[in-house]
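Starting from the structure of chain A, add chain B where the hints point.
Quick note, the sequences are listed as chains A and B, same order. Under the working numbering, the first residue of the first sequence is numbered 1, with each subsequent residue one higher. Under the working numbering, the first residue of the second sequence is numbered 386, with each subsequent residue one higher.
Hints were generated in silico from the structure; no laboratory data involved. Quick reminder that beta carbons are idealized off the backbone N, C-alpha and C, glycines included. Just to be clear, a hint being listed does not mean it is correct.
As the list claims (entries may be wrong) - Some chain B residues flagged as far from chain A (calculated, every beta-carbon gap over 12 Å):
1) Met386
2) Ile389
3) Leu393
4) Leu397
5) Leu400
6) Val404
7) Gly405
8) Leu408
9) Ile417
10) Gln420
11) Glu424
12) Ile427
13) Leu452
What the hints assert, rightly or not - Here are the simulated DSSO-like pairs of lysine-lysine, each with C-alpha atoms no more than 30 Å apart in a straight line:
14) A:Lys106 x A:Lys139
15) A:Lys124 x B:Lys455
16) A:Lys99 x B:Lys455
17) B:Lys455 x A:Lys116
18) A:Lys99 x A:Lys116
19) A:Lys139 x B:Lys455
20) A:Lys116 x A:Lys106
What the hints assert, rightly or not - Sample of chain B residues facing chain A (criterion: CB under 10 Å; computed from the structure):
21) Ala429
22) Leu432
23) Glu439
24) Leu443
One letter stands for each residue in the lines below.
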Amino acid sequence: MPLSPFFRKIFIAVFVFSAFLLKNFAVYAAGEKQPEVFDSKEVTFHHVLDQYEWEFFKMPDGTPVKILLPRIIYDKHAHKLVFFKSTEDALEVGFCEAKEYNPDAKHGDLLLPGAKQQLDGLEKELAKTTDQTQYKNLKSRIDEVYGEYNPIDFSITKNVIFMFIAAALILIVFLNVAKAYKKNKGQAPKGMQAMMEPVVVYIRDEVGKENIPNMYERFMPLLLTMFFFILFLNLLGLVPFSSNVSGNISFTLTLALITLFVTNIRANKAYWKHIFWPPVPHFMKIIMIPLEIVSIFTKPFALTIRLFANITGGHIVVISLLSLIFIFGKMGEAVTAGFGVGILSTLFVIAIGCLEIFVALLQAFVFTLLTAVFIGQAVAEEEHH
Amino acid sequence: MYGIGAGLAAGLAALGAGVGIGLIGGNAASAIARQPEAENKIRATMLLTAVLVEGVALFGEVIGFLLSNK
Numbered sequence: 001m002p003l004s005p006f007f008r009k010i011f012i013a014v015f016v017f018s019a020f021l022l023k024n025f026a027v028y029a030a031g032e033k034q035p036e037v038f039d040s041k042e043v044t045f046h047h048v049l050d051q052y053e054w055e056f057f058k059m060p061d062g063t064p065v066k067i068l069l070p071r072i073i074y075d076k077h078a079h080k081l082v083f084f085k086s087t088e089d090a091l092e093v094g095f096c097e098a099k100e101y102n103p104d105a106k107h108g109d110l111l112l113p114g115a116k117q118q119l120d121g122l123e124k125e126l127a128k129t130t131d132q133t134q135y136k137n138l139k140s141r142i143d144e145v146y147g148e149y150n151p152i153d154f155s156i157t158k159n160v161i162f163m164f165i166a167a168a169l170i171l172i173v174f175l176n177v178a179k180a181y182k183k184n185k186g187q188a189p190k191g192m193q194a195m196m197e198p199v200v201v202y203i204r205d206e207v208g209k210e211n212i213p214n215m216y217e218r219f220m221p222l223l224l225t226m227f228f229f230i231l232f233l234n235l236l237g238l239v240p241f242s243s244n245v246s247g248n249i250s251f252t253l254t255l256a257l258i259t260l261f262v263t264n265i266r267a268n269k270a271y272w273k274h275i276f277w278p279p280v281p282h283f284m285k286i287i288m289i290p291l292e293i294v295s296i297f298t299k300p301f302a303l304t305i306r307l308f309a310n311i312t313g314g315h316i317v318v319i320s321l322l323s324l325i326f327i328f329g330k331m332g333e334a335v336t337a338g339f340g341v342g343i344l345s346t347l348f349v350i351a352i353g354c355l356e357i358f359v360a361l362l363q364a365f366v367f368t369l370l371t372a373v374f375i376g377q378a379v380a381e382e383e384h385h
Numbered sequence: 386m387y388g389i390g391a392g393l394a395a396g397l398a399a400l401g402a403g404v405g406i407g408l409i410g411g412n413a414a415s416a417i418a419r420q421p422e423a424e425n426k427i428r429a430t431m432l433l434t435a436v437l438v439e440g441v442a443l444f445g446e447v448i449g450f451l452l453s454n455k
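Excised from the complex, chain B in its bound form:
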């Protein structure tokens, strides 16, 4: 039972991270397309936001890790 929970936790967290970072990347790409001069600022913002979203996804991964040891 714990194994299923661990797998679900980590998997859903990864799913959430994938969707979130994909949205960030897509919006960043369209923003660069609209205004190529602002590319550096947009890329910096994109990386920063991606790291923050990844941080949230890692909460789920840590829970999966804790459960898999039980």
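Looking at chain A on its own, in the form it has when it is part of the complex:
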């Protein structure tokens, strides 16, 4: 880079500071149009959960600038997959919002056509009735109809878009690194190659070779992909206007299930023998066998919760600290208090943000390391005592 090291440091500091300030605007834009009371809980949940549109910011007059994401829904009554360009298109055709009948549903969840008439009728009867048993019957009937009209949703939500973006970034980076290796045969690595090589070699040696000494080459693609996918998604989640993919429990559960399947499908006889007939005295077998069987499932569960809670918890802390600015500022009434708290809060958010970057790296590494440890335990050769 042509800039001197001093200017480089200043540039990075200003960039980081402004990036965290920008998150302020993202938080403000996420709430509804100019609310009287700043609802920090709604803003927090809006940021941490998935959405069916990608909202960038709000124009000064309040209209949001956003990309509407397509919906792909499996209609079980018509037995086919229906595609819509946006949630609004689906609402025009006859789908209805699930949020009207189920307050726990996300904004944008849809019910199949035909649900609206039935559920409206049932709710009218529910309002009229005074009999306790009929109330209960109607409530259970509403739940039944709701369950029947609740479709399987394969929509491209904001999380899916960000997974595509992360995958595209990984492809771009690593295809370039591979090309550079072919071009610079025998020379010292430079540029992106030099940045990725120590990381990949570290995962191969300390995580792969050490935990799976006999057949680590077979599992290196899995471990490397897991590490870089989780790392890129964790870091993308810290950028303003992005989505919280690795803090989505379905995502972490899928990765943990991959670990579960790889471990148990590739396990050899020694592994199963250790679980079902461990080499311990008989009275301990009674305790150890159920414990080992349960631990087959608790290990991936712990992986799920660890990644999900770390990332989501970090995001919630950052958003809560930024919400303090708006709560103290009381939406324009006590501007001075908001301003003072704003400076303090932003400094605190920068500190927590640095911790977040560290946590992002560490959690990706720990997920990969534990996957390698479990695979190593499964394919380990029989020790000869």
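Just chain B now, with coordinates in the frame of chain A:
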């Protein structure tokens, strides 16, 4: 009632994490003091174990989160 439960869950989980990671850090520091050449290995082990203990503490936090929504 749910609020008290949520607060207790998250608070006790944080307490457990604090005690656990504090013990890990203290033992790591005394191990480095005994053998300064092994500092890198000890630091790597310390960070790894701290993350695992933190994972357990986050179970409690998730329960607190679920309860606070009720």
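Going down the list of hints, with the structure as the test:
no. : hint                : verdict
1   : Met386              : 19 Å, holds
2   : Ile389              : 18 Å, holds
3   : Leu393              : 17 Å, holds
4   : Leu397              : 15 Å, holds
5   : Leu400              : 16 Å, holds
6   : Val404              : 19 Å, holds
7   : Gly405              : 14 Å, holds
8   : Leu408              : 19 Å, holds
9   : Ile417              : 20 Å, holds
10  : Gln420              : 20 Å, holds
11  : Glu424              : 16 Å, holds
12  : Ile427              : 15 Å, holds
13  : Leu452              : 14 Å, holds
14  : A:Lys106 x A:Lys139 : 21 Å, holds
15  : A:Lys124 x B:Lys455 : 26 Å, holds
16  : A:Lys99 x B:Lys455  : 17 Å, holds
17  : B:Lys455 x A:Lys116 : 27 Å, holds
18  : A:Lys99 x A:Lys116  : 12 Å, holds
19  : A:Lys139 x B:Lys455 : 20 Å, holds
20  : A:Lys116 x A:Lys106 : 17 Å, holds
21  : Ala429              : 8 Å, holds
22  : Leu432              : 7 Å, holds
23  : Glu439              : 7 Å, holds
24  : Leu443              : 4 Å, holds
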